[in-house]
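A.B. asks: Going line by line, the protein sequences match chains A and B. Going by our numbering, the residue at position 93 of the first sequence is 229; the numbering climbs one at a time, nothing skipped. Going by our numbering, the residue at position 123 of the second sequence is 259; the numbering climbs one at a time, nothing skipped.
Careful, some of the hints might be misleading.
Which copy is meant is left open, because identical chains are indistinguishable; a pair holds if it fits in one copy or across any two.
Said to hold, decoys possible - Below, in silico cross-link-like pairs of lysine to aspartate or glutamate (EDC-like), each with a Cα-Cα straight-line distance of 20 Å or less:
#1 K254 x E270
#2 K141 x E246
#3 K254 x D236
#4 K300 x E316
#5 K300 x E242
#6 K291 x D158
#7 K291 x E159
#8 K141 x E344
#9 K141 x E274
#10 K156 x E316
#11 K141 x D347
#12 K300 x D275
Derived from the structure by calculation, the hints contain no laboratory data.
So you can see what is in the structure, the chains are spelled out below.
2 protein chains.
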Amino acid sequence: MKQGKVSNNVIRRLPRYLRKLDELTESGVGRISSFELGQQLGLTPSQIRQDFSNFGEFGQQGYGYNVEALRAQIAGILGMDRGFRAILIGVGNIGHALMDNFSFTEWGVELSAAFDVKESLIGSEFNGVPIYSEDSLEDYLNTHDIQIAVLAVPKTVALAVTEKLIRNGIEAIWNFTNIELTEPNSTTIVENVHFSDSLLALSYYVAERQDERGQKA
Amino acid sequence: MKQGKVSNNVIRRLPRYLRKLDELTESGVGRISSFELGQQLGLTPSQIRQDFSNFGEFGQQGYGYNVEALRAQIAGILGMDRGFRAILIGVGNIGHALMDNFSFTEWGVELSAAFDVKESLIGSEFNGVPIYSEDSLEDYLNTHDIQIAVLAVPKTVALAVTEKLIRNGIEAIWNFTNIELTEPNSTTIVENVHFSDSLLALSYYVAERQDERGQKA
Chain A
137 MKQGKVSNNV IRRLPRYLRK LDELTESGVG RISSFELGQQ LGLTPSQIRQ
187 DFSNFGEFGQ QGYGYNVEAL RAQIAGILGM DRGFRAILIG VGNIGHALMD
237 NFSFTEWGVE LSAAFDVKES LIGSEFNGVP IYSEDSLEDY LNTHDIQIAV
287 LAVPKTVALA VTEKLIRNGI EAIWNFTNIE LTEPNSTTIV ENVHFSDSLL
337 ALSYYVAERQ DERGQKA
Chain B
137 MKQGKVSNNV IRRLPRYLRK LDELTESGVG RISSFELGQQ LGLTPSQIRQ
187 DFSNFGEFGQ QGYGYNVEAL RAQIAGILGM DRGFRAILIG VGNIGHALMD
237 NFSFTEWGVE LSAAFDVKES LIGSEFNGVP IYSEDSLEDY LNTHDIQIAV
287 LAVPKTVALA VTEKLIRNGI EAIWNFTNIE LTEPNSTTIV ENVHFSDSLL
337 ALSYYVAERQ DERGQKA
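The following block holds chain A by itself, in its conformation from the complex (with noise of 0.2 Å):
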């Protein structure tokens, strides 16, 4: 379905696509223009057009997308239907935060198990999910078929267990620590999530209306 390299920016805009489409659903909207959806998200329709055009053909020209098919198309680009599974390693309030509150599930992604090395932890299960000892990382990834690493540990041993995992073959490791990892070697796809990207877009646009008032006044 997929024709050559994606650019970034184009899979970066497809979660929004998807969750808009959620939203319509819920609003019991079954087919949208590439004008209205374009509306909806602050995008032209020729960019989504284009956006989707890099996955082969989406909708009929003048038809309008069918809600329910784009979505399922989108998700099957995301990868949600393939199955990945997850292990969290770290359940401090970050861990903990995304096993109470994050449906991963949702996202097609299964959490098989946590790992942390507070004795107190080691043993539990959260909402389902079997909390295990650091120990038995490299052991657990040896025997199971996991994808997908969330990486919830303090600062100081970020490094080290990344490389714990780098050496076990993990495919992908989702950063919540401040430590920016650069991808470590060709194999390992690394997504770190920075909470401060989104508050200096946020502080611009209070900046933005300050400048604006200030014009004004």
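Go by the hints and put chain B onto chain A.
C.D. replies: Chain B only, in chain A's frame:
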């Protein structure tokens, strides 16, 4: 300094430039060409020059950018020197994680206070930030100069708290609840933090890698 409305995509790249420039400073790099900067960020030199051209003159043709000066300019554009103040509402897992690990001041924002409904938290302090009863939220907003509300409350109360914030004139909401707050009115800026966007991009790249392997096999 700024010339007209700048596209959201450009704004989203600014924090990435900032992080890269901080990294360069740490490694003792004082000057960098747009070519080299582009290489390190996966952008073309012309895209970089175009991004910066939105905000006036940056660097000198043929000499590249002075890392420190460019960093200061971008920080200014992002409003990091405006002295914005934030409050946190909800000191659960995510709220705790933010208070514990996220350095607001590093990004030019002061976290002034936190609010919760839990008796055991009210009246305490965490990393120097006082935690007050949510009952006093409106009073606090009316007597302090606060621009940003960090929303980390349970889903069930997210909308009610948001209404309260808007009613009391908050400028911006940094939304960590899983509820998408579409800009509720024209005067409140909302930044939704969607962990799923990041996980799905990761998932895409794992799927892409699988497909490449499949083609090779």
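A.B. asks: Which hint numbers does the structure go against, in order from smallest to largest?
C.D. replies: 2, 5 and 9
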